[in-house]
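What follows is the residue order along each chain.
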Amino acid sequence: MAFHVNNIKKQKTNGKGFKANATLFSATPYFLLLMILVLLPFIFIILYAFMSKSASKIYLTLDNFSKFVTNGNFVAAAGKSLLFAFVTTVICLILAYPIAYFIGRSKAKVRSLLVTLITVPMWINMLLRILAWQQIFGMISSWTGITLLGTDFAIIFGMVYIFLPFMIIPLYTSIMKIDPAFYEASKDLGADSVETFFKVSLPLSMPGIISGITMVFLPAATSIIIPQELGDGNSKYILIGNLIESYFYKGDDYYFGSAIAVVLSLTLLLSIYLVNKLDRTNVKDRSFVKKYAKFGYEKALEGGNR
Amino acid sequence: MRSRKNLSTKNYSPSFMSKFYVVIILLFFYLPIFSVMVFSFNSAGSATRFESFSLKWYVTMMKNDELLNAVQVTVTIAILATLISTILGVLGSLGLAELNKKYKGWTNFILNINNLPVVNPDIVTAVSLMALFMSLSAVFSFGYTTMLLAHIAFCTPYVVIQVYPKVLALDPSEQEAAMDLGATRFQSIVKVVLPDLSPAIISGAMMAFTMSFDDFVISYFVGGKVSNISTYVYSMRRFKPEVNALSTLIFLFIGIILVFFEFYQFHKERNDDDDVKRTKSKKIVVSNC
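Protein sequences, first through last, are from chains A and B.
The opening residue of the first sequence carries number 1 in the numbering used here; numbering runs sequentially from there.
The opening residue of the second sequence carries number 1 in the numbering used here; numbering runs sequentially from there.
These are calculated hints, taken from the structure and not from any lab test.
There could be a bad hint or two in this list.
As the list claims (entries may be wrong) - To spell it out: a stretch of chain B is covered by chain A in this simulated footprint if at least three of its residues, at any positions, have a beta carbon under 8 Å from a beta carbon of chain A; those stretches are:
{"hint": "1", "stretch": "69-81"}
{"hint": "2", "stretch": "141-155"}
{"hint": "3", "stretch": "213-224"}
Cβ atoms here follow ideal geometry from the backbone N, Cα and C, with glycine treated the same way.
Same shape as in the complex, but just chain B:
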């Protein structure tokens, strides 16, 4: 049986023009990235003329305490928010699936709230969290804690979106089998349920990490005087060339992570090709119900 995907490529021979167009669009996507990389090695401070190769802006960057502090805030918040929201999201998804068995209406209500930060524009989520923390100003002052709480609040729904459908698609007899064989409930979750969910958990966690790492709007409104990379760059009065150095490092860092991730997925796909086929057919059955 031929899949539909293969069918769509039949009898298609793109013209030179369309290939040329694809290259132009890709250049459009990468031009600013290359330009930043090149200018990070510029010996002059000007962003209009490249003079000679120099690492001077990397040195300046290492001396800019405010910027380094922003990097530290971004990284620690991203790690903490990812860890906490992944744990909350996975436990929440398991709980929601359980709730769904008895109270479908409540589950849908909770899922709708879950989707609120996803569907709402970020700026609405941001001002609503700011309004909350303002009213609780007796307990919180705007800063690291409020930023962390806000990041957990908008990352967790994304983890649930990734994990919850996979929990529904789990075959309950697998866990029952484990328990019949003498596993405790905890053991059955750790040894059977979590491994089954691990691809969804990994993508949920990665999504939470990048969302938190990239966030500007929400951090800007709830961070107070604490800034992450985005808010630091945004509130700079004048453009500082060391930001180019930082951007280059971030581009390289993310590039390396992506290459690893692609490799991991490729490797995994090859290893459990049969498994994938089986789960895919299962998914089709479930989604048709």
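Isolated chain A, as found in the complex:
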């Protein structure tokens, strides 16, 4: 009997060993893809960031970084991007909280209907939706004489429109998890609704607030389309994304463009890392949610958690 069991075990491990190698082998295209089309390009721009070209001679240098730091225009563009992203994030948070609270405390049927209604527009090409606002703003100007296109207001409005769902979805999932016994307890202990909000709802929905902030802030700070289409392509309204674009696409100095991209990327990766340290929710969940939002946040959590 013992011999028999042993034999089966042996067979199994043999089978597994074979399987393991074949499975690993069939994953080779994926590993190659990651190395050649993901890691290698990233290494390229890091190298480019430390290079420059004069009279067809390419040399190593730190000039790109010093140029970025010392030139007021570039710092201004970076500052403006951060400012716009900050204002957008604050407005999104204020607009999203009430509706997220409503969704989070509604019955399952109402909740899934509302979440579907909010996520459907996200499936539609962002550029087309922004162009729609461009037309509406044009319409409003022709009726009222107020110029909206090309103003800071228009850019921030567009950003709020595009990124608001990214705030609502993580917020409602964390509000949904609050046990209503807390609200009752707070009421029983004599707190009014304002106190309950600041002492119960707000602290308990903090994880959702933090994910929402990163999901709105990061894409808003690097958007190209929104400032271009709603800012009327005016160079005065150039943001960091448009700046990188101008060096890579319209200009020729992709070494300098790379330096800006590297600074941007490292800043954002570092901030995601720091936020992750602050907040125990898995960073992957949050950064992925920007695209996952389309598929329902709960599903995203299931997918990204392990």
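Go by the hints and put chain B onto chain A.
Here is chain B on its own, set in the frame of chain A:
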């Protein structure tokens, strides 16, 4: 046992104001979509005044070769990129799970690279791919191939993100049972593993498709003279009203797909309600480990 979800709705009766607010926000989300649909049927070219109903912009759209070409590029790239990245991503996830058994460090290293295009802003991914293709200009010139490669490169990580955790959560004894019953390794994967993974594979593929279909930034930087819908619209000098017609068609197309998908999920949930419960409890066990 009552679930937490049901608990949160207890004693909540929203006021009229909050319902009104929800309606306002929804109107805000849908206003531009409705406005585009209405103006696609406008007989005048102006985007400020609606004159009378006409299908003229749909006819103009059908005559705009550049735009039709952009649609063709978008659709073919989205289909090819979805197919290829789904296959690569599923094989990659199976391989990663295998690698994870022996070399945890390597697996984490690969997963970190996998997450690079997800965490990085799209513009950084775009310029890095542009830098790569520029250095390989002897082999590639910017165009359809580079756009397709770039789309595969940024879609595959999303497939892996969807599929890999599900591979880890698989019960290995199921596959062993199939092999004990005489299935070959290939048969056991096709008949046992893939069906188990199919919901994750479907959502991964859908994500890849929409990411590719919607993409602007990456296509803009690596597409050269080839444009997809987004880059075509972006590089238009003056707004062309036939774009409204195209947008309307895309809205309707996506709307129909979403209704089907919702229906499919709803139907599936009803069919394997018990199954879902079982897998859910399994997931809880796994995620607690």
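Hints, one by one, checked against the model:
With 0 residues bearing a CB less than 8 Å from a CB of chain A, the stretch 69-81 of chain B misses the requirement of three and the coverage assertion fails. Interface restraint, the stretch 141-155 of chain B with chain A: holds (4 residues with C-beta to C-beta distance below 8 Å; minimum three). Coverage of the stretch 213-224 of chain B by chain A holds. Counting CB-CB distances below 8 Å, 6 residues qualify, and the rule asks for three or more.
Of the numbered hints listed earlier, the single one contradicted by the structure is hint 1.
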